[in-house]
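*Asks:* Following the hints, put chains B and C in place on chain A, whose structure we already have.
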Amino acid sequence: MSLAAQVVLQRGSLSLDVEIEVADGEVLAVLGPNGAGKSSLLRVLAGLLPPDGASVVREGATIWDGDGTHVAAHRRALGMVFQDHLLFPHLSVTENVAFGLRTRGVGKAEARSTAQGWLARVGLEGLGGRRPAQLSGGQAQRAALARALVGDPRVLLLDEPLSALDARTRLTVRAELRRHLAEFAGSTVLVTHDPVDAMALADRVVVVEDGRVVQAGTPAEVNRRPRTDYVARLVGLSLLPGTGTAAGRSVRLDSGGEVAVAEEASGPVFAAVRPESVALYLARPEGSPRNVWPATLVGATPHGATVRCELSGEVPLVADVTATAFAELGLVPGSPVWATVKASEVAVYAR
Amino acid sequence: MTRARGGTGIPAPLLVPAAAGIAFLVLPVVGLLVRTPWSDLGPKLTAPGVGDALRLSLLSATLATLLSLLMGVPLAWVLARSRIRGRSILRALVTVPLVLPPVVGGVALFLVLGRQGLIGRWLFEQFDVTIPFTTTAVVIAETFVAMPFLVISVEGALRAADARFEDVAATLGAGRWTTFRRVTLPLVSPGIAAGAVLCWARALGEFGATITFAGNFPGTTQTMPLAVYLALQEDTEAAIVLSMVLLAVSLATLLLLRDRWLGRATVPVA
Amino acid sequence: MNRRMAALGAAALLALAGCTGSSASSRDEATGSSAAGTSGSEQITGTLTVFAAASLTDVFTELGDQFMDDHPGLEVRFNFAGSSALATQITQGAPADVFASADEVQMAKAGDAGLAVDPAVFAENPLMLVVPADNPLGIQLPGGGGVPSLTEILDHDATMAVCAPQVPCGAAAAKVLDAAGLSAYPDTYEEDVRAVLTKVELGEVDAGLVYVSDVHAAGDKVVAFGFSESFQAINRYPISVLTAAPNPAAAQAFVDLVLSDDGQQTLRDAGFLEP
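Same order as they appear, the protein sequences are chains A, B and C.
Read in this note's numbering, the first sequence has 33 at position 33, and its numbers run on one by one without any break.
Read in this note's numbering, the second sequence has 66 at position 66, and its numbers run on one by one without any break.
Read in this note's numbering, the third sequence has 50 at position 50, and its numbers run on one by one without any break.
By construction, these hints were calculated from the structure, which means they are not laboratory data.
Sample of chain B residues facing chain A (criterion: CB under 8 Å; computed from the structure):
| id | residue |
| --- | --- |
| 1 | F165 |
| 2 | D167 |
| 3 | A170 |
| 4 | T171 |
Yeah, the Cβ is synthetic: ideal placement off N, Cα and C, and Gly gets one too.
Only chain A is shown next, with the shape it has when bound in the complex (with noise of 0.2 Å):
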């Protein structure tokens, strides 16, 4: 493992304690939301932050912190990108770039053709002579990351790369950021409250909720399983703790009601069930579905063409019907509804 890191930290109401490994050339993805603790573990791995006694960080054979070792965040071979790109003003976009060369002993010569052919791999050609105020957000945030490159650090940190950035540019600085870091030989924390960028970017994601990891596999475990509310309802999914019957096929939710399940589920389960799902009536169905629930309707956000409800009740739910659909049922906050999902749609798996 090229990062690997067990970070304890006690700042103000924070406690954080989180192990993580980052192998040569992955992407790992710290999920979590605002307070989790997801910069201030960055901050330690990059030397920022003094973690507390029983931390380690150590990037390959090199410990940069531990048993009273503690290395200088500008000793550290790594690079760092912020969310709102943070070039220096003063400097031009090319002098940004170079500024880690520079740091490091290159010549002035040699730092500006390194830092230009950088600007050139990011797409700013011709671009380097601006003031970084004279960069549109997505322009900024790539001089960012060729500053961040530049130097051939064996680190990465991303900071929420890409939340400052404007849906459109994000999708496209997204799509890039997804090429480099293909192309990059070193380890790559990447730390984000959004669950697309981690799963288009991460080779792995760990999720950190008050300072815990909750949850850590690849992206498509952690999208298909999500193990907490948050992570559910990141991924979109309706996550419904609860208990398999010994009959089988069934799960008793803690919350109340049951749910007809397609395999057998026995012990500690979640069942997660995905809003596309779930239909909706006005009055109970008659017929083959074996989970049908009453509900009311307490949201309704329209998503493109659909509307996504949610339900509450015995079994709450998220459910998305078509914006025909939803006007059709002539639904209004408040409405009670029949909701019904087939036993083969609910995904469950042990607690």
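*Replies:* Just chains B and C now, with coordinates in the frame of chain A:
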């Protein structure tokens, strides 16, 4: 939205006191202008000692500003960025010269740097060096009184500056000194420039500490404010002329600097 | 005599000597006379504003207290500052009743403006050479008695502070230095006599020229020498009721007090000389 009268966009509750403020600051100068004896301006300006006093004033105020920059900017950094204990006490101490009557400041300088002072006695006995009544003493007195203005401006600028730029520099391999030189200093340069201007202006007008610690000797320690004060003792009109010269020279200098230096130092922030 | 007056060579300065002992008795007599003098004019009430030279601070405060004791219902307020600043204030219309100046030039300014008429000289104040109490240069009187000249006392390379020529004490200093052929001797020209004294007391200069009244006020902190050239420039203190005085009766009574035997004695106690 209707705009305020005259299209200035200034709300009346602000406009009235602001106008009063301007009048309050400018009218005394107008009073001086009215009383200026324009007809015999020439003889009064070329009176012996005026040129010397003006030259000495500009020289000593500039040296005091340089000295203040040399010590004050690092001091401001310590106040704004370091985590040393007793920082708030340190900050209070820095402002002492602002509160201290300058004449008392001059006496205090005697007690340290005078011939009988804590350090001055040693300098005198070991090296036969005396500071009081020299141009050096003028610079020291002006620095003592003016440096807090610089320190406070620069500290404010440092606090307002985004410290994350310093984090960025660290991740780019810059040590604290390099970061200070290449990032912090340029970022707060408008604040430093503003502080230096304040400092220079205060030093130029310094009277109490200077006349106490440096004395008053034409050519070596008699700065313009001292010359003005003494002229006031016997010839009010001569004093007014000298004041106008000081005023004109300092205004001209500041306007020139604003165009050449302050204007450029203003960093556009995205 | 409890003061350290190293040399009272100048005959005029002998007045300084026996001053302390006799003050109590003379005070009694004078109080009687001033009470008698004011019995005729019964309108001495209200507020009296006196503009007086800074060197008169102590002695006029004392006279003012006495004056208020003599005239219940009268409030005396003083404005002590440099004589030229006072003259400027008066010509600019400051509401003063009495002006007591440390030199006749400044009084003349008020007179030229028609604000002061027939000023009376009420005290004289010659210069003395003062050195720090520990006398670091070992300055002393030459042998042979008599009144030495400044050049005889200052046979050292001493740093010297005097008043700037623009203020009364500096004008006097310039005269005596000129007479002694020492015009270029001073190292600094201070804004007032107090500043000269401060620098001598602090030991930052070796010598200074100040008024004999200041020597009195400084007590043990300095050692003073009289010198013959001081007769070249004895400062004369004029006092006048101002023509625009808001309280002319009180003003005249106060001037009378200053000129009375009692007032003169108080001034002598403070080191001033009788004119």
